[in-house]
Structure formats: structure tokens, C-alpha cells
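Go by the hints and put chain B onto chain A.
From first to last, the protein sequence lines stand for chains A and B.
Quick note, in my numbering, the first sequence goes up one by one and the last residue is 371.
Quick note, in my numbering, the second sequence goes up one by one and the last residue is 278.
Among the clues, some could well be false.
What the hints assert, rightly or not - Only pairs whose alpha carbons sit at most 20 angstroms apart, straight line, appear in this in silico SDA-like list of lysine to any residue:
| no. | chain 1 | residue 1 | chain 2 | residue 2 |
| --- | --- | --- | --- | --- |
| 1 | B | Lys-102 | A | Leu-55 |
| 2 | B | Lys-194 | A | Glu-97 |
| 3 | B | Lys-102 | A | Glu-56 |
| 4 | B | Lys-102 | B | Lys-194 |
| 5 | B | Lys-194 | A | Pro-134 |
| 6 | B | Lys-102 | B | Ala-162 |
| 7 | B | Lys-194 | A | Leu-93 |
| 8 | B | Lys-123 | B | Leu-216 |
| 9 | B | Lys-108 | A | Tyr-13 |
Worth flagging that the hints you see were computed from the coordinates, not collected in a lab.
Letter by letter, the chains look like this.
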Amino acid sequence: MTALKIENLSKDYGGSAGAAALRDFSLEVADGELVAIVGPSGCGKSTLLRAIAGLEEETSGTVRLGGRVLNGRAPKDRDVALMFQSYTLLPHLTVAENLAFGLRLRGIPRAARETQARDTARLLGIENLLARLPSEISGGERQRVALGRAILRRPRAFLFDEPLSSLDAQMRLQLRVEIQRLHQRMQVPMLFVTHDQTEALTLGDRVVVLNRGVIQQVSPPDELYRRPANAFVASFIGSPGMNLFAGRVEEDPAALGLRFVSPALSFAVPPDREAAVRPTSKERAGITAGIRPEHLRPAEAGSAEAGGLLIGEVAASERQAGQTTLYHQHEGAGFAARVPGDFSVRPGAVARWTFDPADLFFFDANGARIP
Amino acid sequence: MKKGFWKKQAGPLAVSAALAVLAACFAFPFLWMLLAGFKIDAEIFTPFPIFPESLDPRHYQALFSGRWIPYTRQFLNSLFIATAQTALGTAFACAAGYLFAKFDFPGKRALFVAAVLTVLIPKQVMILPLFTWMNALGLLDSPWAVILPGAASGIGLLWFTAVFRRLPDGLLDMARTEGAGEYRVFWTALPLIKPALIAFALIQFTLAWQEHLLPLVMLFSKENLTVNIGLASLHAGSLRAPYGLIMAGCTLTLAPTALFFILAYRHFRTALGRLTEA
Numbered sequence: 001m002t003a004l005k006i007e008n009l010s011k012d013y014g015g016s017a018g019a020a021a022l023r024d025f026s027l028e029v030a031d032g033e034l035v036a037i038v039g040p041s042g043c044g045k046s047t048l049l050r051a052i053a054g055l056e057e058e059t060s061g062t063v064r065l066g067g068r069v070l071n072g073r074a075p076k077d078r079d080v081a082l083m084f085q086s087y088t089l090l091p092h093l094t095v096a097e098n099l100a101f102g103l104r105l106r107g108i109p110r111a112a113r114e115t116q117a118r119d120t121a122r123l124l125g126i127e128n129l130l131a132r133l134p135s136e137i138s139g140g141e142r143q144r145v146a147l148g149r150a151i152l153r154r155p156r157a158f159l160f161d162e163p164l165s166s167l168d169a170q171m172r173l174q175l176r177v178e179i180q181r182l183h184q185r186m187q188v189p190m191l192f193v194t195h196d197q198t199e200a201l202t203l204g205d206r207v208v209v210l211n212r213g214v215i216q217q218v219s220p221p222d223e224l225y226r227r228p229a230n231a232f233v234a235s236f237i238g239s240p241g242m243n244l245f246a247g248r249v250e251e252d253p254a255a256l257g258l259r260f261v262s263p264a265l266s267f268a269v270p271p272d273r274e275a276a277v278r279p280t281s282k283e284r285a286g287i288t289a290g291i292r293p294e295h296l297r298p299a300e301a302g303s304a305e306a307g308g309l310l311i312g313e314v315a316a317s318e319r320q321a322g323q324t325t326l327y328h329q330h331e332g333a334g335f336a337a338r339v340p341g342d343f344s345v346r347p348g349a350v351a352r353w354t355f356d357p358a359d360l361f362f363f364d365a366n367g368a369r370i371p
Numbered sequence: 001m002k003k004g005f006w007k008k009q010a011g012p013l014a015v016s017a018a019l020a021v022l023a024a025c026f027a028f029p030f031l032w033m034l035l036a037g038f039k040i041d042a043e044i045f046t047p048f049p050i051f052p053e054s055l056d057p058r059h060y061q062a063l064f065s066g067r068w069i070p071y072t073r074q075f076l077n078s079l080f081i082a083t084a085q086t087a088l089g090t091a092f093a094c095a096a097g098y099l100f101a102k103f104d105f106p107g108k109r110a111l112f113v114a115a116v117l118t119v120l121i122p123k124q125v126m127i128l129p130l131f132t133w134m135n136a137l138g139l140l141d142s143p144w145a146v147i148l149p150g151a152a153s154g155i156g157l158l159w160f161t162a163v164f165r166r167l168p169d170g171l172l173d174m175a176r177t178e179g180a181g182e183y184r185v186f187w188t189a190l191p192l193i194k195p196a197l198i199a200f201a202l203i204q205f206t207l208a209w210q211e212h213l214l215p216l217v218m219l220f221s222k223e224n225l226t227v228n229i230g231l232a233s234l235h236a237g238s239l240r241a242p243y244g245l246i247m248a249g250c251t252l253t254l255a256p257t258a259l260f261f262i263l264a265y266r267h268f269r270t271a272l273g274r275l276t277e278a
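Excised from the complex, chain A in its bound form:
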């Protein structure tokens, strides 16, 4: 059975036309499944969680949890735990009291509250902090307490609203592992909202990519990378995202085939893709070609132009552990290339790149991927 079922959820703040925060969002999440929702800031992901939790009223659509319709119910009657980005511990209560806050609201006696708070604290390794005040513990520990508070009352669903984004990198990693453990233990639907694709891809059983309130793709993490549904997903997933070149497909009488032409990049379309990208009419000739930065490799000087040749002036380079990312500027278009190891190129130098035609992606005029 689907535990959490969201149908055509829309939220309109009543601003200018077409400025809906969320449009016709539908998703089903099974018990024990963690779905990550990722998108740029302002894409509507927080609005979605707040609507499910009952903190904001939806404009239309339904939310069901375990077959029960949640619409119109007060947040307290929804039995949904929401973990926030900001530290939401009550500053005048100790860690133990904060952990058991939800139980206190439900009128559970003190002794039972204390036992449960201690059990949960042990689970999260914060037993030694029980008597402290929130101001006396670190940011990571505070989010751990907030996580504990959410676990403690065994909600019917878990919602996470970027709970890790205010933490430093190491703490974020630790808490991510903690959330994965929680995910394996708790057999309830979980929604994890983030703007960080690494978090989404590592935590989610499935990932939803959201842009301007509209779902772009719902799929398992590796598929987002291998088979992006459209140009937005392609450019959003990956670090950096896919290089996109807007151009057109033309007949090439000399080569008896099709040719992709754009200001920065031109190449002969591989024969096996010709059928798919052949324009059906003059208007449909507009097409976008995509190639991932990690699929570009330095072209040998003077080599033949096998698949295609990409030339650009290096604007900046970033060295990370074990790899280098180079950002190029060419004919008004920017593109990036990622190569293993230390690859030293002076900014301003002209670099030549080539690629395997099999790694190419094509997107139609509306941005949808051409299979």
C-alpha cells in the first residue's frame, strides 16, 4: 500500500500570474521509502513539506497518509514529524526536555517521558548531553537532538527540510549517516528536501527534481545522471552539470548525413542517432546538444576531428582532490571540462577538447531529451 500519497498539490501565493510555488505535484511514497526532493532555491520544495505538515494551506490537491486525508487538519492532528533547517530547540528546556517535548504536549507522564528520552539519546549517542541546555551544545548536536525529538514520538511520516544545510561539512556527513540508519529502522515514508544534489543522490531511494514548482523527473539516483528527462535535469545534476549547446541540425550534402551546428560546437551527428534528431519540419530544427564535463578529453594537437572538436579559452580552473575542473568561454557560450589529476592550464590559454559521440545527449526545442 502507498503510505503517503500526494495528488495534484498546488500552492499559489496569489502573486503575479504563473508564479505558483507548486503546480500539480503528485507523488507516492511507500512505507520505509526515502524520497529526496532536490531543486534550486525557490523551486517550491519547502512549500511542499509545509503543505504536507499543515503549516501552509494548499490551493488545491489532496494529501493522504495511510489512506487518511490530511487536508484541512491542524498540524498537530497529522502525526507528521518535520525537521527544520534552523535549530528549533526551546532554549529554556534541557536536551532531555526538548527530546520529550512532543510527549509532554500529549500529556505523557514525566517518568515515561524521561525513559524514552534516555533511550532515544542513547540511540543517537547524545546520552551525555541530556542535562544540558541547547546553548551549551554544538550545532551538530542540536540537530541530533531535533532528529531525536522527531523519532521519539514515532510519527506516521518524516519530513526533512534541509536539516543539514546549516552544519559544517564533517557534521553534515555524520548526520547523513544517522539519517540513513534511521531510514533503515523506521518503516514510514520519508521526504527529504535539499538543494544539495550529493545529499539527494546519496540518501534518496528515489529522487524528485523540482524546478519552479513543477516536477522535472522522478527516478532512482543513477538514472537521473544516466538518463536525464530534460535539459534542466541534465544541467542540474552533476558537478558541474552537463554542458549544453543550443543549435540546429542541418543536412550536410558533402558527408551525406546530418550535422549539428552551433556557435561553439559543430559535429557530424552519429549515424545511429540520425533518425531521432532529424527535423520533421523547419521549426523543429532547433535542438540542444549536451555533453558532460567528465566526458570531455584533451584533443591531441593536429588530430583529425573524429566526433567533434570543442575549443575554448580557459577562464578559470578549480583543483579538487584527484581532479581538475576547467571553465571555458567560447563565442559567448560557457562550458566546463573535468579531467582526472592535476591538469595545469593558464587562464587565458586556448584548450581543445574532444569526446566520444556515444556520450552525446540531444534535447528538443522544449528541453525534453530525445531518446
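Structure of chain B alone, referenced to chain A:
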């Protein structure tokens, strides 16, 4: 080394000295009042000696004997009126401020502007309508005729709206998702603004304790007057009480606000500090 010390400390020392002189200027009238309570009139009207010959409690005894005015009764009247007005005024202002800061409702702006405008209207302008109103309610000469008009305060609404606006919504949303109804959310928020609550209560209490106009107009019988009206009658009326007696009465009358202030000063400072932060 000694020279260096003086060079470094000269500035702060000068400031401290100036402040000490200023503090003495402010404190002297209070000291004079305290001491005058133990003097006879002849002593009061000579500048020296400053200290009385003996700490003779006769004025205090006279005050409590009720020979001049029912001092104990009036003191308790004042205490009741100030306490009730503080409790009601703080509760109303706090609840209203929470609503204005955290909720949207039709007419919010207009109501807020109206509340702000009440701050600008002097009490003297409203005293006559208030009098007829209290008369209609049959509350004249009862403490409620003083308590009720003072319980609603535009300043209080402004104060608590500002305070609650600074309270992060995240904490309230957390309480909601953890299972609190809207009233419970409000209760959860109260400890978070404790310094502001205490600071406002302190101001409200001081103002209520000092209030002169309302009790003067609304209360008639000696037994129902507040203590400051009673003290005023000692001097103004045909009573011609000794000045020492009046000063003894004033000293005692200052005690509750001074005590409250000493106890709550720490919170008062915190609240002002938080409100004036960035």
C-alpha cells in the same frame, strides 16, 4: 610604570568621577526624603545637619495609626490596583501583540494604526468620556474604575508586536508539528520572551502605581483612594500634616516600585538590549 598606569586610567577615572557626581545629584533628593521622615518641621527647614538627631519613628507610627489618613488601607488599594492592572495589561498586550506579529487577519493594518493612535491621545482628553462610561457601568468609586481603563495599552501592543516579530517562526512551527494546538503554541512562546514580559510588567506596574489622574477622578471615599492621592491630601487639604509625616509616607510609597525594579532590572536590561539589537 606608575606614570603609565595613570596615563592609561585617567580617562576612565574621569568618566567614573563625573558619573559619580551625577549619581549623587540624582540620589540626594531621595536621601533627603528618607531622612526628613525622621525630622520635625523645624529641622527640615534648616539645611544642616543633614542627618536627624535620632531615628525617631514617630511619623511612621502616626502614619499607621490612621489618625491622618487610612494609610494602610490606601497602600493596599494601590497595591491591588497596580497589581491587577499589571496582570491584565500585560496579558492583553502580550496576546494582542502575538496576534499582530504572527497572524494575518482582515483589518489588521487599520486596527494596528488605531492602536498606535491611542498612544498619541492624552489621557486628559479621555477622562470625561471614561467617567461617564464608568458611571454607566456603576463602577465609580471602585478600584475597577481605575484598573480597566489602564489595562488596555497601545504602547503595550507596539512593544509585544515588536518582541514577537523577532521570535523565529521556526520554533512555533516546530511546536505545531510536534502536536501543539494554537493556544499551546502561544504558551510555548511565552518563556521565550520572558525578559520582555518582565520588563513590560515593570513599566506597567510603575505607571499604575504613579497614576494620579484616574484615581483622583474615579474614586471619592477616603477608604477607596490610592496612596498617592491620600498623600497629596495630607498636604493640600485642611489637614496640614507635618512635612516629616508626608516624607515618611512618600518613602514607604516608593518601596514597592523600587523593590520590583531591583528584582527585575536584569531582565529589563536584557529586553531593551534585544529590542535595540540591529
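Each hint, compared with the structure:
1. B:Lys-102 - A:Leu-55: Holds, at about 13 angstroms.
2. B:Lys-194 - A:Glu-97: holds, 18 angstroms
3. B:Lys-102 - A:Glu-56: Holds. Lys-102 (chain B) to Glu-56 (chain A) sits at ~13 angstroms (cutoff 20 angstroms).
4. B:Lys-102 - B:Lys-194: Given pair Lys-102 (chain B), Lys-194 (chain B) holds - Cα atoms ~18 angstroms apart, limit 20 angstroms.
5. B:Lys-194 - A:Pro-134: Roughly 17 angstroms between the alpha carbons, so the hint for Lys-194 (chain B) and Pro-134 (chain A) holds.
6. B:Lys-102 - B:Ala-162: Measuring from Cα to Cα gives roughly 11 angstroms; hence the hint holds.
7. B:Lys-194 - A:Leu-93: holds, 13 angstroms
8. B:Lys-123 - B:Leu-216: Distance of about 13 angstroms is within 20 angstroms: holds.
9. B:Lys-108 - A:Tyr-13: Since the Cα atoms of Lys-108 (chain B) and Tyr-13 (chain A) sit roughly 19 angstroms apart, the hinted pair holds (cutoff 20 angstroms).
Checked against the numbered hints given earlier, this structure breaks none of them.
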